[in-house]
Amino acid sequence: MAGSTLEIKDLHVSVEGNEILKGVNLTIKGGEFHVIMGPNGTGKSTLSSAIMGHPSYEVTKGSIHLDGEDVLEMEVDERARAGLFLAMQYPSEISGVTTSDFLRSSMNAVRGEGNEIPLMKFIKQMDKKLDALEIDKNMAQRYLNEGFSGGEKKRNEILQMSLLEPKIAILDEIDSGLDIDALKIVSDAINDMRSENFSTLIITHYQRLLNYIKPDVVHVMMQGRIVKTGGPELAKRLEEEGYEWLKEELGIQDETVGEQA
Amino acid sequence: MTVDTKLTYTNEYIEQFSQDRNEPEWMKTLRLEALEQVEHLDMPEPDKTKIVRWNFTRFHHDFVSGENISSLDHLPEEIKDFFDQDNLPENLLIQRNHSIAHAALSKELKEKGVIFTDIFTAMNEHSELVEKYYMKDGVAVDEHRLTALHAALMNGGIFVYVPKNVQIEEPLQAVFWQEKPGLAYFNHVIVVAEQNSSLNYVENYISNSEEETVANIVTEVFANDNAKISFGAVDNFAENTTVYTNRRGIAKRDATINWAIGQMNDGNTIFENITELVGDNSLSHANTVTVGRGKLIQNITAKTIHWGKNSEGYILQHGVMKDSASNVFNGIGKIENGASGSNAEQTSRVLMLSEKARGDANPILLIEEDDVMAGHAASVGKVDPMQMYYLMSRGITRKEAERLIIHGFLEPVVAELPLESVKKQLKQVIERKIN
Numbered sequence: 001m002a003g004s005t006l007e008i009k010d011l012h013v014s015v016e017g018n019e020i021l022k023g024v025n026l027t028i029k030g031g032e033f034h035v036i037m038g039p040n041g042t043g044k045s046t047l048s049s050a051i052m053g054h055p056s057y058e059v060t061k062g063s064i065h066l067d068g069e070d071v072l073e074m075e076v077d078e079r080a081r082a083g084l085f086l087a088m089q090y091p092s093e094i095s096g097v098t099t100s101d102f103l104r105s106s107m108n109a110v111r112g113e114g115n116e117i118p119l120m121k122f123i124k125q126m127d128k129k130l131d132a133l134e135i136d137k138n139m140a141q142r143y144l145n146e147g148f149s150g151g152e153k154k155r156n157e158i159l160q161m162s163l164l165e166p167k168i169a170i171l172d173e174i175d176s177g178l179d180i181d182a183l184k185i186v187s188d189a190i191n192d193m194r195s196e197n198f199s200t201l202i203i204t205h206y207q208r209l210l211n212y213i214k215p216d217v218v219h220v221m222m223q224g225r226i227v228k229t230g231g232p233e234l235a236k237r238l239e240e241e242g243y244e245w246l247k248e249e250l251g252i253q254d255e256t257v258g259e260q261a
Numbered sequence: 001m002t003v004d005t006k007l008t009y010t011n012e013y014i015e016q017f018s019q020d021r022n023e024p025e026w027m028k029t030l031r032l033e034a035l036e037q038v039e040h041l042d043m044p045e046p047d048k049t050k051i052v053r054w055n056f057t058r059f060h061h062d063f064v065s066g067e068n069i070s071s072l073d074h075l076p077e078e079i080k081d082f083f084d085q086d087n088l089p090e091n092l093l094i095q096r097n098h099s100i101a102h103a104a105l106s107k108e109l110k111e112k113g114v115i116f117t118d119i120f121t122a123m124n125e126h127s128e129l130v131e132k133y134y135m136k137d138g139v140a141v142d143e144h145r146l147t148a149l150h151a152a153l154m155n156g157g158i159f160v161y162v163p164k165n166v167q168i169e170e171p172l173q174a175v176f177w178q179e180k181p182g183l184a185y186f187n188h189v190i191v192v193a194e195q196n197s198s199l200n201y202v203e204n205y206i207s208n209s210e211e212e213t214v215a216n217i218v219t220e221v222f223a224n225d226n227a228k229i230s231f232g233a234v235d236n237f238a239e240n241t242t243v244y245t246n247r248r249g250i251a252k253r254d255a256t257i258n259w260a261i262g263q264m265n266d267g268n269t270i271f272e273n274i275t276e277l278v279g280d281n282s283l284s285h286a287n288t289v290t291v292g293r294g295k296l297i298q299n300i301t302a303k304t305i306h307w308g309k310n311s312e313g314y315i316l317q318h319g320v321m322k323d324s325a326s327n328v329f330n331g332i333g334k335i336e337n338g339a340s341g342s343n344a345e346q347t348s349r350v351l352m353l354s355e356k357a358r359g360d361a362n363p364i365l366l367i368e369e370d371d372v373m374a375g376h377a378a379s380v381g382k383v384d385p386m387q388m389y390y391l392m393s394r395g396i397t398r399k400e401a402e403r404l405i406i407h408g409f410l411e412p413v414v415a416e417l418p419l420e421s422v423k424k425q426l427k428q429v430i431e432r433k434i435n
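Just so you know, the protein sequences line up as chains A and B, in that order.
When you number the first sequence by full-length UniProt numbering, it's gap-free, plus one each residue, and the end is 261.
When you number the second sequence by full-length UniProt numbering, it's gap-free, plus one each residue, and the end is 435.
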């Protein structure tokens, strides 16, 4: 079978007792590029955090399976080793740990014991990706995300994705805070990953990223559910006309959910 | 069991001890005067730590020689890990029990007049020089009972002297190995850097004594005008050793004293690190890391006292506590009247790895002058769950993620150690202790 399948069924998620996701259904197959759009506060980031296993998000109902394996039974690190990746909107800063040491640790963790990457090979691969993402090589020796600009943090997330080669990458607002040049570089790196063994779920509320990355499926999220699914033409229409027509069509007054609004 | 702080040492014992060491008269007198004071002086009172039940009296004080180590190719197993076999230091003293088992100083440094020898030899060969610095302007005999006790019972240590204008690049390393169980360590270290000189010095205390005993260590570091001293240390006393360590620095005009201390004892510890910034434009970074495990109780005080104008003192303390270990950090910046333009900053952080571990961080500023800068930061907390989540989301296991965060937390101080092998060794000790 080519690629992996992520299957989300009737997913309900709460944060501090507040239900944010109210029944999300979504299936991503190998090789597919999905985009979830939607205004702020509709539950997009909650979905990505819940898939990865963020400690503050509680799944109260529903299921997530990766190639038939129950993701919700897995620890965060197991999910990563199973092939999931989340480029975070607000990555943590880890003082005293160099980016390069961290990258090597995570690559070796994902590759598994006995299959560790030799140091020289690692450096070569890292350097190649640093060049491709036009990241200053000094960054590898800086402490992880510490003092990084917003743009550097985003590129660092994509760098990690490129090196870890996940089966399914969730990119949570990877485009926010990037200028147009950086956006192109990041998009190129994502497009380079395209193969039948790689799929992605891109979360954004700007259409502009889709000028560089062609999605196969476009979803719109409102009130903690996926309310509309279509092809690239859906994103186009949203860019041109905004969300009002959709809200009208669906009879939605307030698209937000929980306290995020 | 009653808590007995009364000593059984007599004048005769001290006189005999001094005579056996062939000490100069001034030393014998200093010892006897100190012994007199022991009874009248109070024990130190480290802020927020009760030490009344600690063992300060049960130990074997007698001078015990250690076997010679003729070749570094055949280092004893117990201390092997503390050296980098491919990169052995050229200037090295190994004190085994109380005697010197190995001594090496490069010809070049000898010719330049550098002294790097044990304290007893130094007292014989350079009596006046040692007398000038020994418990005079640095640590006073009568600060409290433990300093007086130290002066009376000193039974080991070294003397390091760098003459005027001599700059030493390659580090000087001293290893103090308490090999015999129950042996008391009353070690005295003096480091003197004369005008315009510079020096990197690193010391290690190694012990694996399962018997209860005491370490009472006084170290006095003098940086004269425009001298620069980088002082690194890794202390590694075993569980049943009660440790009192006093490291004092005196920095004169334009002088620098930088401390990088790994406090890795398993026995209850009081560590006091005071730097007196006497001269104008003097500078000190006092960095300490510690990892506590088991039932360790520890009190670590770093203090900079600013007398000179434009003097700068930076204190950085990072500690990790696991099991039921508890640690108090006191970071004190004291700016005296007249020390205008000075800057005193203290940062103290404790990371707790278990429910029972305890941490306390107290930055204190005492300022008697208007025209100064000062700042402090403190935190006591657990490993940040968001950092764990981030690392684990890249496939790193919980255990490994925690390990990375802890090493990272201690890294700012580890990185400052002046000798690569000691840095590596400290990392290994940290690794052993957090696992």
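Just so you know, the hints here were simulated from the structure itself, not pulled from any lab data.
No experiment lies behind these values; they were computed from the predicted model shown.
Positions of the beta carbon are idealized from the N, C-alpha and C atoms, including for glycine.
Treat the hints with caution; some may be incorrect.
Said to hold, decoys possible - Covered stretches of chain A (chain B as the covering partner; in silico rule of three or more C-beta atoms under 8 Å from a C-beta of chain B):
id, segment
1, 48-57
2, 84-92
3, 104-117
4, 185-197
Unchecked claim - Which stretches of chain B does chain A cover? Using the computed rule of at least three CB atoms under 8 Å from a CB of chain A, they are:
id, segment
5, 375-387
6, 394-400
7, 407-417
Cross-check of the supplied hints:
no., hint, result
1, 48-57, "holds (count 4)"
2, 84-92, "holds (count 5)"
3, 104-117, "holds (count 4)"
4, 185-197, "violated (count 0)"
5, 375-387, "holds (count 4)"
6, 394-400, "holds (count 6)"
7, 407-417, "holds (count 6)"
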